[in-house]
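J.: In case you want the letters, here they are:
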Amino acid sequence: MVPLFVLIPFFSIIILNLFPKKLMQHLSFVWLGFLSLAQVYLVAARPVWFWDTKLELWNLLFSFRYSVDVITLVMLLCIGIVVFISLLASRAMISDVHQRVNFKNLLLVSLIGMNATVLVTDVFSLYVFIEITAVSSYIMIAMNKDRLGLEGAFKYLILSAIATVMMLVAISLLLLLTGNTSFEAVGAGLAGAGNSLFVRVSIGLFLCGLFIKSGLVPFHGWLPDAYSAAPAPASILLAGIVTKVSGVYVLMRLAISVFGLTPSVQALLMFIGAVSIIIGAVAALTQTDFKRMLAYSSISQIGYIILGVGCGTKLALIGAVFHLFNHAIFKSLLFVNAASVEKELGTTDMDKMGGLTQRMPVTGITSVIGLLSTAGIPPLSGFWSKFIIIIALWQAGNFGYAAFALLASIITLAYFLSMQRKVFFGKLRSGLENIKESSMGLIVSQAVLAIITLVVGLIFPLVISWR
Amino acid sequence: MNLAGAQTFWYFYIAIMLLFVMGAYYIIASFNLIRVLIGLELLIKAVTLLSILTGYLTHNEGLAQALVITLIVIEVVIMVVAGGIVVCIYRNNKSLDTRKLKELKG
Amino acid sequence: MALNLILLVLLLVAGIWTVLTTRLVRSVVGLALVSAVVSILIFRLNSPLAAAFELSVCAGLISVIFVTTISFTQRLTAERLEERRKERLGKYWYLPVILIIFGILLVVFKPKLDFPLPQVPSEQDTRNIIWHMRHVDLLGQILIILAGVFGVVILFKEPKK
Amino acid sequence: MKPSVLLLPILIPAIFGALMFILPRKARHTVAFLVAGINLALAIALFRNNLIYSFPWFAGKIEFALRLYQFSGFIMLSAAFFAFLIVIYSLNFMKGKNLQNQFYAYILLCIAMANGAVLADNLLLLLFFWEGLLLILFGFIAIGRPGAFKTATKAFIIVGISDLCMMIGIALTWMQAGTLTISKINLALTPMAGFAFIMLMIGAISKAGSMPFHSWIPDAADDAPLPFMAFLPASLEKLLGIYFLTRISLDMFKLAIGSWISILLMAIGAITIILAVMMALVQKDYKRLLSYHAISQVGYMILGIGTCVPVGIVGGLFHMINNALYKSGLFLTGGAVEKQTGTTDLHSLGGLRFKMPITCACFLITAASISGMPPFNGFFSKELIYDAALSRGMIFYLAAVVGSFFTAASFLKLGHAAFFGKERNELKAVKEAPLSLLVPMIVIALTCVIFGIFNYLPLNHFIQPVLGARLEGHSYAGFHVNIVLTLITILVLAGAFIHHIFMAKLKGEGLKAADDIRYAPVLSQTYDLAQKRFFDPYEIGLKGMNVFSRILWAADKGIDWVYNSFVPGVSYGVSKGIRRMHTGYYPVYISWALVGMFAVLYFLRK
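Residue numbers (the numbering used here), protein chains in the order written: chain A, 612 to 1078; chain B, 369 to 474; chain C, 607 to 767; chain D, 26 to 631.
Since the hints were made in silico from the structure, they are not lab data.
As the structure is a computational prediction, the values presented were derived from the model and not from experiment.
Yeah, the Cβ is synthetic: ideal placement off N, Cα and C, and Gly gets one too.
Please note: incorrect hints may appear among the correct ones.
As the list claims (entries may be wrong) - Chain B regions said to be covered by chain A (calculated; three or more residues, Cβ under 8 angstroms):
1) 399 to 408
2) 416 to 427
3) 442 to 451
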């Protein structure tokens, strides 16, 4: 029944839009909440009746070839969690009825796009669903039609279109080399094709497209702009999961099970990862905008994941997937923090903040948890995944990269500390005396994410051996 | 690849590559948002042609056409959304100048 | 083959015209021309269905989209246009040079095409492939059209004053 | 006994600790009390058993291994003992305070994590519990008074960084030994192994609170709830830190007398003793003063273990348990004073000996213990350490003795200021502390006496079996320590006492309030003292040391500065440069991407 992850949301878009808007906004809130939580439940508990039953009727009508492994499961879990959080945030942050309805429609499209992206086993279908996710993200970013949002959306659109062109060229070349687009056929064809120019060009172009999609240096130009200009719920979704699915996940999937990790690809991935880690971390140091800083830190964290993928040993891949999960959780947490600050203060400029913990205790405390987890302070979840990646790098003999990753996490700590001091600690800035803790939806989502970070950190062995 | 195939591929290859260069140049060099989108279209045209060409060379036209049809649908939607964003930008800025899109930086 | 060559040259000329022309509308016409030439080429490459699609959707629909977008925005005045023309001359004369250099480079570094072509599946009817083998893409098409509809609803709506 | 019983001391407190967040308000005290009691009973039942429990874990690659033997049983028992006392104490102390549920939850979780860390026979497992403790530490401090959050973050970061070092150490050890099972690791001291040892040692001594990882402890003394201080920095963390230090230096690495690591450990110990005690001397707050002693006493243990001779190790371990006793006892008296008077500022305390006689008596016993006065327990452990230090070098012995002198001096000052001296008007209404505060103090004070007079009890049953064959049949129980050293110690203590009496008299005349005993030089007093030649050299020396300890204070701040702002400072310029490159003009970004594309294609050319 796995195709239901895609099909049920698909039909619910059509059905929900038949209702009048006033009713639809509430109905779709409940329904989307149910869908995302059901997804989390189905992945976390993995009931046999769901995963092992085949939909015979559907297969006649509608064949859907899919594959499920640990990475897919982790991604489905993240998608469920982040969509739910984004939904809660949208309830709190968007007040206009039309906008609410529009956002929920887009959220559903995005959910389907991401679920399908992680399930399909065909290079071209991968492109199709990446594009669906991306289109819904463009619209979400531009939704408020304010100047910055439009600018961010346009930049994202252009860079991302160039990325898809690169990927399409690569797909065409793969078609030329292997005659088909399914994972097995492409993988087998590439293994047989040896190491000709076109093989390398197609792999290289596909990787470049995915580098743009996942925002690695030097392909990252759009990312800080899009993240910081997006409306809060959209930025949670975008930073939390969209770029991870459409960039990092696909990269992992292709690199591991289709292209195969050749030494040169490994070296490339590790190098790009390391460059992203350091550039992202250093650029984040002097940011004055809350969301922009988080965006740069996102670049740096994705660098860690790619570094792990590039290392390629089993342990490193475990670490990379685990870090992907953690990153989805704590980056969404931080963007929810940003959203609640933005909602109360009306700005994300950190120079205008100070001492907010006194007024917004939940936001302050959860942000500390998120930040420390990002910086990899034990025993929070982010620490373990970074630790595993570093250990794996060390074991594989990449001592330089291991030391480098360790050093960069100190810089991460540094910029987050300086941000903490600016925003949450210290004396309350004058003019902020009337600030209150933000609304219930945001508080709940912050608390949920912070608890996940804590609990996963504490019981990480169980998490690691989960399959 | 046989000789005739290689010959065909070679001519198309040069044309497609030059089309890529044109599109990329147009996107980077022009100061008008709509022109940027036209440049994007040129790139996608080149890709479309490339896909069909590979299908033709491997006698796999069926699959290539299927892919290209999907690709065209997606292309249209992207252009519609991009057009919408450009119109909104025009309403905001009263201009289509790309140089005014520098608000977000640093 | 000769016809193909002529069409390819025509394609490049149309492309260059699209890039270099001053008026926005002409540029859109140039794009439509490129599309038309591409669809003829596709037709000649044994892909009639895709050619029909390309001709109707790209040369037709996309031109309409561009024209609509242009009509939403204001045209430039005649003097500004003249200014622009000078500006553009300074900017765009590089393009032919770049194209020539790039073409020479491509000819010099000609890739070896000696790799074997793959065995392909026997099913070659496009309609069969779309309707029976690529359901997922079909789903994707419907979905992205839905997304496009939402995009139009959200983005093209006149802002309330 | 089934080996799986070893899971109980971890699971029971952990489960109830987690439940504590949701239990009804009234049930909390009872549950906490019961669980601490059960844990103590378990620890007693498990003590002296040898059990190993393990199953594959971590995708089958690493063993989840727990090992109970003499040493871990001993540490577990002591931890359970202190936890039980602290819970009894908190029943009353925390009454009416906010966030009680979190407080009890943290205590129970702390017990669980400590038991896990002690029992773990696998380095990664140990690390896991170690980090769990760190998290609880954070939570514990954060629930203190408003503003404690900042201190909590400071503690979290400092300990976190040292744990990072420990992690590197574990990775290195793993690489060299090829296993993570602690009881199977046995490494010779190559330079690489030495580096691994130092990394692990940093983790251990920072948990114990040694310099230079100490600076959060005094801050926590100000901010955190008091039972926390008596529980974590005073007893539990010392037990764990020294436990781990002993494990790595005795079992995992072959530490020989005269190896450079031994010298390093002794040096760290000696420096910690001296510097921390001198900082303690200038403190003016009950809890803060104690917290610096909590740092200083670690020095003795590290010094003792660092000597690598059996007598030193026995002394170090004995000192560990003694310190846990009297330091938590002292903090508890501090808590009683705080509870009854509402302050711990020594300026506003005085003459409490009639108002709070039992507290005062407990204070006197524990203070005498920490100062090393015979026949209390501190005396014996210090004597053993002196003995060992003397055999390794005069300088270490001197450091230990000087530290002892200052310890005595500062406790005389503290006692005088808080319990003796003139009674203050504001404190007229003060009453003796309630029973549940007194019971733990009395138990601890009595244990101090028993461990002193009948010192063969802890030595024969707890400590000497840990070293086993290493002792070569010696026993250090009883009074047979070096007579000369004993005499010197007594002389030093007497000197401190005489000096204190003299000073108090002197200043009592000069100032109206007898409680204002400050060695900190106020100028007029320095002039007064300068007339009496007898004190001159000493006062000058003290003043000099005062300046020195103020410099240390500044250095302390300097460490903070490095932690907080040095790294951002260096990277600032680069960061600005990178920001300037992001012009916001998207063709620039496209160009980057295209250049990147060509670079990637070039990179993959082979």
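J.: Give a verdict on every hint.
T.: The hints, checked one at a time:
1. 399 to 408: holds (count 3)
2. 416 to 427: holds (count 7)
3. 442 to 451: holds (count 5)
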